[in-house]
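There are 2 protein chains.
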Amino acid sequence: MTTDQLILQIKQKKSFLCIGLDVDLDKIPQHLLKEEDPIFAFNKAIIDATHHLCVAYKPNTAFYEAYGIRGWKALEKTIAYLNEKHPEIFTIADAKRGDIGNTSTMYAKAFFEDLAFDSVTVAPYMGKDSVEPFLAFKNKHTILLALTSNKGAFDFQTQEVDGKELYKHVLETSKRWKNSQNLMYVVGATKAEYLAEIRKIIPEAFLLVPGVGAQGGNLQEVCKYGRTANIGLLINSSRGIIYASKNEDFAKAAALNAEALQKEMAAIMSR
Amino acid sequence: MTTDQLILQIKQKKSFLCIGLDVDLDKIPQHLLKEEDPIFAFNKAIIDATHHLCVAYKPNTAFYEAYGIRGWKALEKTIAYLNEKHPEIFTIADAKRGDIGNTSTMYAKAFFEDLAFDSVTVAPYMGKDSVEPFLAFKNKHTILLALTSNKGAFDFQTQEVDGKELYKHVLETSKRWKNSQNLMYVVGATKAEYLAEIRKIIPEAFLLVPGVGAQGGNLQEVCKYGRTANIGLLINSSRGIIYASKNEDFAKAAALNAEALQKEMAAIMSR
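Residue numbers (the numbering used here), protein chains in the order written: chain A, 1 to 271; chain B, 1 to 271.
Quick caveat, the hints were computed from the structure, so don't treat them as lab data. Just so you know, not all the hints are guaranteed correct.
No distinction is drawn between identical chains; accordingly, a pair holds when it is met within one copy or between any pair of copies.
[What the hints assert, rightly or not] With a cut-off of at most 30 Å between alpha-carbon atoms, the simulated DSSO-like pairs for lysine-lysine come out as follows:
#	residue 1	residue 2
1	Lys138	Lys27
2	Lys109	Lys34
3	Lys138	Lys151
4	Lys246	Lys140
5	Lys178	Lys27
6	Lys44	Lys85
7	Lys34	Lys200
8	Lys109	Lys246
9	Lys138	Lys164
10	Lys175	Lys138
11	Lys200	Lys164
12	Lys178	Lys13
13	Lys109	Lys138
14	Lys175	Lys77
If we strip away everything but chain A, and leave its shape as in the complex, we get:
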């Protein structure tokens, strides 16, 4: 998918919501456990109920790998279902991968070709030759961890490197990499005040913003500091939407919570 197609979808749906499909079998409605593939059954119900309210879905691969082959199959079925039924929706493999050159190419093939995701999240620690193999794929997007939403972000990401925080150094350095137009960035919503600084370095790139909802980020603040002319934001909510209810009405409850966020986004976009 091209960035223009993503922007068009945002404008049509008046939404820049991304729904995180982080499926934990202990947290889903227990009546689904009798299904042949409870993970996919849950995802399909959530997608069917919310696809008109969001522009992206983001399965975190950890939740699928934890169930072994069964989990990997559920991930395959989920992305296949999305690509078949809703090809306009932007798909994110939240995998936080990264390895040396030829090995990163294998990861890129796994997510961009075998699973056919539009994008994958990647960790920056190993530098240029660990990220550029992902950037080489046309109309695929590499979402680089910059400033994450957890407490541990302050261990290294905000440490000063030559008088400037490490995450800013990551942003600036990554702009010089080949095919950097295919980069987006993860920036946690728990630190909205950083967004103004970040926009000085990357004024246009899309930001994937986790932490609105369960992690306490504020949508208005994030938009105030992070929004671009094309919105330039994908706001992720996982638990706050998919676990809105543990009863048979879980998909409807998820849609209601997604709609509340979408309406807030539509209001922001109309201003």
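Using the hints provided, position chain B relative to the given structure of chain A.
Okay, now just chain B, sitting in the frame of chain A:
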């Protein structure tokens, strides 16, 4: 596996060799492609021929994920085969994972419980609460990326943070994390001169050292600067061993190359 069991194995085998099982279907002997599971068939042959020469095997998950379900099944079969036939051998999932708290726990379950690896490699960028969930597993080991063997290591890892390189900051900070006795570290062999500095910070911890062989590192130099009383090193070789031949004799050729390294290690240990 406990660290003491690993040390015992090293002393018995007079080896601290780790063999990287990075299986690329384009590079394995082509007669294996007619097998039902060529990846596992290749791994089994390599393991059968080399298990007495090495103390660890390290499949890099990228090579398995690139083949989807088929690859994940081959990974499952490989680790099951190792745990059944050679339970004394230390197993490393080279996965370079890392995510926020509860999500890292899911990754830890995937590799420590579902697949039953002894250890997993983890990226440090997201800090303490992304790594501690791995450290909570008893007799399991978390191998933290410190200084990698690729060119991109110089993008961020060697940048100065408060007058000290980032990778040193990672080493020092990680020592204060809960259950840090379960930490080992990835340190690239292409920078043997850094090892003396690293040993000042972590005098005892095991180091997983890639880059001997294909990436140009030197075994004698690595041991000179990095060795401890208990060796404290796992030297990885992947391509130099497993792709020693593309013919039917590939396993024998792999064993010869592994034996050459093992003999060099035995000589170092006898000095």
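Structure-based check of all given hints:
When the C-alpha separation of Lys138 and Lys27 is checked against a cutoff of 30 Å, the pair qualifies only between copies, where the shortest distance is 26 Å, while the shortest distance within a copy is 37 Å. In this homomeric assembly, Lys109 and Lys34 come within 30 Å of each other (Cα to Cα) only across copies, at 23 Å, whereas the closest approach inside a single copy is 34 Å. Taking the shortest Cα distances, Lys138 and Lys151 sit within 30 Å of each other only across copies (24 Å), while inside one copy they are farther apart (34 Å). In the homo-oligomer, the alpha carbons of Lys246 and Lys140 never lie at most 30 Å apart, since the shortest distance is 35 Å inside one protomer and 34 Å across protomers.
Only between protomers do Lys178 and Lys27 lie at most 30 Å apart by alpha-carbon distance; the minimum there is 27 Å, versus 42 Å within a single protomer. When the C-alpha separation of Lys44 and Lys85 is checked against a cutoff of 30 Å, the pair qualifies only within one copy, where the shortest distance is 11 Å, while the shortest distance between copies is 41 Å. Taking identical chains as interchangeable, the C-alpha atoms of Lys34 and Lys200 are never at most 30 Å apart, the minima being 51 Å within one chain and 56 Å between chains. Taking CA atoms no more than 30 Å apart as the test, Lys109 paired with Lys246 passes between copies only; the shortest distance there is 24 Å, against 36 Å inside one copy.
For the homomeric pair Lys138 and Lys164, neither the shortest alpha-carbon distance inside one copy (32 Å) nor that between copies (38 Å) is at most 30 Å. In this assembly of identical chains, Lys175 and Lys138 lie within 30 Å of each other by CA distance solely inside one copy; the values are 17 Å within and 41 Å between copies. Proximity of Lys200 to Lys164 under the C-alpha cut-off of 30 Å is found in both arrangements, the shortest distances being 13 Å within a copy and 27 Å between copies. In this assembly of identical chains, the alpha carbons of Lys178 and Lys13 never lie at most 30 Å apart, being 32 Å within a copy and 46 Å across copies at closest.
In this assembly of identical chains, the alpha carbons of Lys109 and Lys138 lie at most 30 Å apart only when taken from the same copy (12 Å versus 34 Å across copies). Taking identical chains as interchangeable, the C-alpha atoms of Lys175 and Lys77 are never at most 30 Å apart, the minima being 35 Å within one chain and 41 Å between chains.
Checked against the numbered hints listed earlier, the structure breaks hints 4, 7, 9, 12 and 14; every other hint is satisfied.
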